[in-house]
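4 protein chains.
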Amino acid sequence: MTDLAAVKAALRTQAVETPSWAYGNSGTRFKVFAQEGVPRTPQEKLEDAAKVHEFTGVAPTVALHIPWDRVDDFGALAKFADDHGLKLGAINSNTFQDDDYRLGSVCHPDAAVRRKALDHLLECVDIMDATGSADLKLWFADGTNYPGQDDLSARQDRLAEALAAVYARLGDGQRMLLEYKFFEPAFYATDVPDWGTAYAHCLKLGPKAQVVVDTGHHAPGTNIEFIVATLLREGKLGAFDFNSRFYADDDLMVGAADPFQLFRIMYEVIRGGGFTADVAFMLDQCHNIEAKIPAIIRSVMNVQEATAKALLVDRDALAAAQRAGDVLEANAVVMDAYNTDVRPLLRELREEQGLAPDPIAAYRSSGWQERIVAERVGGRQAGWGA
Amino acid sequence: MTDLAAVKAALRTQAVETPSWAYGNSGTRFKVFAQEGVPRTPQEKLEDAAKVHEFTGVAPTVALHIPWDRVDDFGALAKFADDHGLKLGAINSNTFQDDDYRLGSVCHPDAAVRRKALDHLLECVDIMDATGSADLKLWFADGTNYPGQDDLSARQDRLAEALAAVYARLGDGQRMLLEYKFFEPAFYATDVPDWGTAYAHCLKLGPKAQVVVDTGHHAPGTNIEFIVATLLREGKLGAFDFNSRFYADDDLMVGAADPFQLFRIMYEVIRGGGFTADVAFMLDQCHNIEAKIPAIIRSVMNVQEATAKALLVDRDALAAAQRAGDVLEANAVVMDAYNTDVRPLLRELREEQGLAPDPIAAYRSSGWQERIVAERVGGRQAGWGA
Amino acid sequence: MTDLAAVKAALRTQAVETPSWAYGNSGTRFKVFAQEGVPRTPQEKLEDAAKVHEFTGVAPTVALHIPWDRVDDFGALAKFADDHGLKLGAINSNTFQDDDYRLGSVCHPDAAVRRKALDHLLECVDIMDATGSADLKLWFADGTNYPGQDDLSARQDRLAEALAAVYARLGDGQRMLLEYKFFEPAFYATDVPDWGTAYAHCLKLGPKAQVVVDTGHHAPGTNIEFIVATLLREGKLGAFDFNSRFYADDDLMVGAADPFQLFRIMYEVIRGGGFTADVAFMLDQCHNIEAKIPAIIRSVMNVQEATAKALLVDRDALAAAQRAGDVLEANAVVMDAYNTDVRPLLRELREEQGLAPDPIAAYRSSGWQERIVAERVGGRQAGWGA
Amino acid sequence: MTDLAAVKAALRTQAVETPSWAYGNSGTRFKVFAQEGVPRTPQEKLEDAAKVHEFTGVAPTVALHIPWDRVDDFGALAKFADDHGLKLGAINSNTFQDDDYRLGSVCHPDAAVRRKALDHLLECVDIMDATGSADLKLWFADGTNYPGQDDLSARQDRLAEALAAVYARLGDGQRMLLEYKFFEPAFYATDVPDWGTAYAHCLKLGPKAQVVVDTGHHAPGTNIEFIVATLLREGKLGAFDFNSRFYADDDLMVGAADPFQLFRIMYEVIRGGGFTADVAFMLDQCHNIEAKIPAIIRSVMNVQEATAKALLVDRDALAAAQRAGDVLEANAVVMDAYNTDVRPLLRELREEQGLAPDPIAAYRSSGWQERIVAERVGGRQAGWGA
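Residue numbers (this note's numbering), protein chains in the order written: chain C, 361 to 746; chain S, 361 to 746; chain V, 361 to 746; chain B, 361 to 746.
Certain hints may be false.
Claimed, not checked - What follows is a set of in silico ranges between Cβ atoms, one per label pair, in the way DEER data are often shown:
| # | chain 1 | residue 1 | chain 2 | residue 2 | range |
| --- | --- | --- | --- | --- | --- |
| 1 | C | R707 | V | K447 | 55 to 61 Å |
| 2 | B | A365 | S | A369 | 37 to 43 Å |
| 3 | S | G533 | V | K447 | 55 to 61 Å |
| 4 | C | F390 | B | E712 | 53 to 59 Å |
Claimed, not checked - Calculated cross-link-like contacts (lysine-lysine; reagent style DSS-like; alpha-carbon spacing at most 30 Å):
| # | chain 1 | residue 1 | chain 2 | residue 2 |
| --- | --- | --- | --- | --- |
| 5 | V | K596 | S | K564 |
| 6 | C | K368 | C | K596 |
| 7 | C | K568 | B | K439 |
| 8 | S | K564 | V | K564 |
| 9 | C | K439 | B | K568 |
| 10 | C | K476 | C | K368 |
| 11 | C | K564 | B | K596 |
| 12 | B | K447 | C | K564 |
| 13 | C | K568 | B | K447 |
| 14 | S | K564 | S | K596 |
| 15 | V | K564 | S | K596 |
| 16 | S | K568 | S | K596 |
| 17 | V | K447 | S | K596 |
| 18 | C | K476 | C | K596 |
| 19 | S | K568 | V | K564 |
| 20 | S | K564 | V | K476 |
| 21 | V | K564 | V | K368 |
| 22 | S | K564 | S | K439 |
| 23 | B | K568 | B | K447 |
| 24 | S | K368 | S | K476 |
| 25 | B | K564 | C | K596 |
| 26 | S | K596 | S | K368 |
| 27 | V | K568 | V | K447 |
| 28 | V | K596 | S | K568 |
| 29 | C | K596 | B | K447 |
| 30 | C | K447 | C | K368 |
| 31 | B | K596 | C | K368 |
| 32 | S | K596 | V | K439 |
| 33 | V | K368 | V | K476 |
| 34 | S | K368 | S | K564 |
What the hints assert, rightly or not - Sample of chain V residues at the chain B side, in silico, Cβ under 7 Å:
| # | residue |
| --- | --- |
| 35 | K391 |
| 36 | F393 |
| 37 | F456 |
| 38 | Q457 |
| 39 | Y506 |
| 40 | P545 |
No wet-lab data here; the hints were simulated from the structure. Idealized CB from N, CA, C, for every residue including glycine.
So here's chain C without its partners, still in its complex pose (with noise of 0.2 Å):
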């Protein structure tokens, strides 16, 4: 039996970090449509995002990517956050939008690239000693396009090299996340194409340098569940980005694609103390053709729901169920759950909370898009352009 108290209790402590891009515009390679009232300053992403927190309650902390939302001073950032209501989250690097980028960034083979990248990454340990933030997210665009391009071995070699520069950076409190993708922009071999490659260099690295799941970076099939509940037996698992996929990396509204995985990675979060331990609930998408504070209080609530749908599996009655072999109530236990309705659950949660039932709604009913079209004229909208 499932005690409904501790569901919710748990729920009420949940935490999902918006990324400041995806308030931004974004594209495929084929076209970026721009949108009305998108924002042009990281300010006015901030000013979106707590707009998202405000509906949904669940969404207090904004991750920063460098340099799309490099501002003179991040302390004041930090205090414009926090006068929303807001706290600065992870700070994501980026190595990919430089000429000099080409061949790739710290495993370039050129060690004059690789020094600028390590100098950028090192600028983002500076950064977060401004914001407070305590992650530092790596993600690396590099890798080759053909066979023969450049050594893969030497280019874990130079990779090395970086993270434990970086490594020695960091201060208390603070983590390096490292993030592996399957492909794109790199199409023959990505340097941190697997979790396995990634789970090597943190563990080389030590404490503070964990994997980064983004739910978009797998081979088609991956059970990503596995992956998780592996990492988190083994101590690794430091973030999620979340989004959601058909295909390859399609940075879609998370439990948008398939609903069940989403619900069967948050079961094995929580089954292996993650909901409760440091692990970082992001987001990571693209709403390219969607209107995008709506679509990130979706991504917010599909979070929310597949966590509720996942805290209420009758963990005896499963684990009794599997003790005895039994597959099909094994299975009934989880489906059981996934089954259940819960959004009038949330809706109630919300309002002990003081929050509208519906977040959706009352961020249309607010006006605020409105106000946003009307005002954000002008100026160069934000995206993804360096």
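Given chain C's structure and the hints, the job is docking chains S, V and B onto it.
Same frame as chain C, but now just chains S, V and B:
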């Protein structure tokens, strides 16, 4: 026993069409790395294409992409091509880079957007009339990102309507080539996702409508040569868009990722009568990080090498082994051709045609690259931008 | 607003066909694990199927597989079914378990083998005449393992010839249902690998030939509901073989791997008119490690739940959002139906029909499992063996 | 410039281990096609393996599979091998064909089953002591078919416990080689699904534990040579199970599906020092439809040809191009080696070693096939049956 003279004779008839856009800049959604010496105009693209043909002898036509290659006077452009030893090839439409096309073009729910897209397609036929191009190549980025976003079947109705209107506009000797693509830029459903969908539309349209096989547009594990054989058997194979990929639509140099697959495809083309029939062999690639002109020369050579190997298959021995049910021997006959090093044969062929035996070396020593780097300064480099 | 009475009325018409072979033993190439109580005869399979229908109310027909279900008197078997409240459904041919079929059946290079296979197919139509079955379901294991092993196109010619001969033999009210499969047991090329190939053959054969969609027979990432919509639009969707998979043709319980996909498929069936038309909903599963009868009951219920959710989609609201180009709202309408817990509705429906609200519990307390375990001792358990 | 004498010298040191089970019957879940002349005993398998070594000169060892190759006196079997010019190679355990293993072996929820499985693994080490085999190769079919069926993390604990017990039993000069597999026969989660999981276990066990890369055990699109390079860099690559596949674990002849991939793998082996180190090159294939002995000869030759090509890579020229960031030139250096026809070199090498230049032809004219077909009549043909 294979007749080497016949192989050479067949190779002399080969023609590979290069795409104007491969000479310009391209990239991923993360970054477009600009290269020095890249063309600024359609004319400069043709100058580069002329070099590819000059050194390979088998790249006599160039595909255009509208609006990227829009000029005031297409007749003059055709004349320019002719003066450079080239002909203008397929006209490629673009209904994906206008803000109106956020939710599709000919499949868009709004009739006004559909009309705009159709007008563009009809304009492309006008351009064909002016350039003397025989082929209209249609690839639609249309699709949906989220379940429910639009009605899958209604979109097919709209697509069929637009195709019928374009088909009706085709003149004598003009074809419509319909391309399919598994995913990207749409992530949930593309409106022409597979050869079956393209085939079903072409069948209803009539004999002037045929299917384009882009070798990068399939689900993982798809047996492309089977599709080639099937479309040839049905009389519906119109053209190839050649490129290679490890994962998705990587658009790498054809033959770079899986040269054995390219050989198998060319074998089915030859076996199915496609080599002598009206099948167009086009490249559609992105040279994001490698030098563009030599990459295109290499790609043309890769097609040539795969063709030579496919022509070398001892078809009598193969048929005998197949009839006898000798799996190993039949496979060995095919592998024997594939394992042959055909580069000496092709060097010999080039010399017989008055060409340098090594096109890459010849290009490198020609001074062209240095010249365009020096001369093409200023202006706006060609790329995918509308 | 969805009309609940109409939803219930539609659900009352639903029929899911269970396959005789799912009641017998099955396994992987590594091991077939025998289970206690498994049927030894076609009659015992029908007894089990009768239980599934008794407790679910929506499984009134049973598919046979020849020769696994060969009996001396098929008329008597039909009578036996009738006496147990069932009808005999589709006749499934088997041209893959005779030593002669090592290199194929109707596509085999040797005409004698092809003739033998054809004779078997024609015998299956004879059986249909005896059982009153309307559907001949054809799945061919034909294909090749190595490039060059056989001529891909010649095999299509042989296939077409056999299909034409069988088609000519069909009587009034009889259909040929042609199944496609991406791979397995052939590994290089299967002779009917995709819906396009099956469609092209059926189109030439005529209106009695239609395509079977087995939900486990696609390349990774394939959008199955798109195929469903397309085949319905073309009038060529004949039947489903339902099951679920994470990787290949796993043949797990339908709805177990991706329940959201099953819902999307059922939505397209309903939207395309397939729910009221002559589309047969069959299971084709292997219960390798779980108890067979309750697994089949669960599978039938999963189809029913997905159907109920699909019927709940507010199609007016959906159409309005689609017309308006409101991506998030259109998706939300679909997700709202999917997120609904339909189990109370289905329990209510069962009670209205005089059934127990929980079919699994009812089966478990019926004593049937204990009885068959006790009684079905000795003899040869049914399985895939010829 | 590549030193041909050094290439030949390296090739002379090559050894490929053939698996005893590849000489017996195998098949898919649909059918095992028996072949004439197939061995009935471990001794007859060794006789066939001796022929493969006789004609290729590079297949001096044979892997055993327990219990398929169980004999009363393993010392005598080793002597029998020795008398036929062979050594016994790796001992392969089997914990998947007993009815007790329906829900797993060392990961089973029931401690009694785990104990039984562990006892089998320990028995395999006993056999190693008797045969003088250095390698214990462990592949576990363990996994789950349905979400919730068992606890993913608890299964890892059980696995770790069993591996530790086996590891403790290993003598000097004995290794444990742990194999991973993406899926099959388990369909939801396999307990060692990827190299990262195998690596993490081996790391904890110690230096005698290393990872086996089976080339057919990966997700679609996985860059296998990257894994090879990484494991070599970490000192954890123990062995290969070579085979090839188009889709899943097809177990076709190595080099048959993607010879370029095999070449790239061999290049990374050589580059990473694996060719001279203790990496075992084993075949693990199923010759379901083709003649077994010549298929194995062909497979050995395919490995040899890929090795020769990889040895031919001009590593100085490659390193120079890589350092210069010349993508096309670096790729060209690799492709130049791959495109070389190494068959004349290998024929020459064989003749220098007193072998026939064409092993397949030599086998065919040796009369062995006719002899075993004639003599091996009656008895029970070897296969996967326990």
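Status of the hints after comparison with the structure:
In this structure, C/R707 and V/K447 break the distance hint of 55 to 61 Å, their C-beta atoms being roughly 46 Å apart. The hinted window of 37 to 43 Å between B/A365 and S/A369 holds, with their beta carbons roughly 40 Å apart. Checked against the given bound of 55 to 61 Å, the beta carbons of S/G533 and V/K447, roughly 57 Å apart, stay inside it. A hinted range of 53 to 59 Å holds for the C-beta pair C/F390 and B/E712, which are about 57 Å apart.
With a C-alpha separation of about 15 Å, the suggested pairing of V/K596 with S/K564 holds against the 30 Å cut-off. This hinted pair checks out: C/K368 and C/K596 have alpha carbons roughly 27 Å apart, not beyond 30 Å. Of the supplied pair hints, the one linking C/K568 and B/K439 is violated, its CA atoms being roughly 55 Å apart against a limit of 30 Å. Under the criterion of a C-alpha separation no larger than 30 Å, the hint pairing S/K564 with V/K564 is consistent with the structure, at around 14 Å.
Taken as a hint, the C/K439 and B/K568 pair is broken in the structure, with Cα atoms around 55 Å apart against an allowance of 30 Å. Among the hinted pairs, C/K476 with C/K368 is inconsistent with the structure: their alpha-carbon atoms are about 48 Å apart, more than 30 Å. Of the pairs offered as hints, the one joining C/K564 and B/K596 holds, with about 15 Å between alpha carbons and a cut-off of 30 Å not exceeded. For a cut-off of 30 Å, the pair hint linking B/K447 to C/K564 is broken: about 39 Å separates their Cα positions.
With a CA separation close to 49 Å, the supplied pair C/K568 and B/K447 exceeds the 30 Å bound. For the given pair, S/K564 sits about 12 Å from S/K596 by alpha-carbon distance, which is consistent with the 30 Å threshold. About 15 Å separates the Cα atoms of V/K564 and S/K596, which keeps this hinted pair within 30 Å; it holds. Proposed proximity of S/K568 and S/K596 is supported: the alpha carbons are some 9 Å apart, at most 30 Å.
Note on V/K447 and S/K596: the hinted pairing is violated, with a Cα-Cα distance of about 43 Å set against a maximum of 30 Å. Proximity of C/K476 to C/K596 is assessed by CA-CA distance (about 28 Å); at most 30 Å being required, the pair is judged to hold. For the given pair, S/K568 sits about 20 Å from V/K564 by alpha-carbon distance, which is consistent with the 30 Å threshold. Among the hinted pairs, S/K564 with V/K476 is inconsistent with the structure: their alpha-carbon atoms are about 37 Å apart, more than 30 Å.
Between V/K564 and V/K368 the alpha-carbon distance is near 39 Å, which puts this suggested pair outside the 30 Å criterion. Between S/K564 and S/K439 the alpha-carbon distance is near 36 Å, which puts this suggested pair outside the 30 Å criterion. A hinted pair counts as satisfied when its Cα atoms are at most 30 Å apart, and B/K568 with B/K447 qualifies at roughly 21 Å. Annotation: proposed proximity of S/K368 to S/K476 is violated, straight-line Cα distance about 48 Å (limit 30 Å).
At most 30 Å may separate the alpha-carbon atoms for a hinted pair to count; B/K564 and C/K596 meet this at roughly 15 Å. For the suggested pair S/K596 and S/K368, the alpha carbons sit about 27 Å apart, so the restraint of at most 30 Å is met. Annotation: proposed proximity of V/K568 to V/K447 holds, straight-line Cα distance about 21 Å (limit 30 Å). Between the alpha carbons of V/K596 and S/K568 the distance comes to roughly 25 Å, so the proposed pair stays at or under 30 Å and holds.
Proposed proximity of C/K596 and B/K447 is contradicted: the alpha carbons are some 43 Å apart, above 30 Å. A C-alpha spacing of about 24 Å is found between C/K447 and C/K368, which places the hinted pair at or below 30 Å, so the restraint holds. Proposed proximity of B/K596 and C/K368 is contradicted: the alpha carbons are some 46 Å apart, above 30 Å. Of the pairs offered as hints, the one joining S/K596 and V/K439 is violated, with about 49 Å between alpha carbons and a cut-off of 30 Å exceeded.
Taken as a hint, the V/K368 and V/K476 pair is broken in the structure, with Cα atoms around 48 Å apart against an allowance of 30 Å. With a CA separation close to 39 Å, the supplied pair S/K368 and S/K564 exceeds the 30 Å bound. At about 5 Å, the closest approach between the beta carbon of V/K391 and any beta carbon in chain B falls short of 7 Å, and the interface hint on this residue holds. Taking 7 Å as the C-beta cut-off, the interface hint given for V/F393 holds, the closest approach to chain B being about 5 Å.
The criterion of a C-beta within 7 Å of any C-beta in chain B is met by V/F456, whose closest approach is roughly 5 Å, and the hint holds. Satisfaction of the interface hint for V/Q457 is found here, the shortest Cβ-Cβ separation to chain B being roughly 5 Å, below the 7 Å cut-off. This hint holds: V/Y506 has a C-beta 6 Å from the nearest C-beta of chain B, less than the 7 Å allowed. Using the Cβ-Cβ criterion of 7 Å, the hint placing V/P545 at the interface with chain B is satisfied: the shortest such distance is roughly 4 Å.
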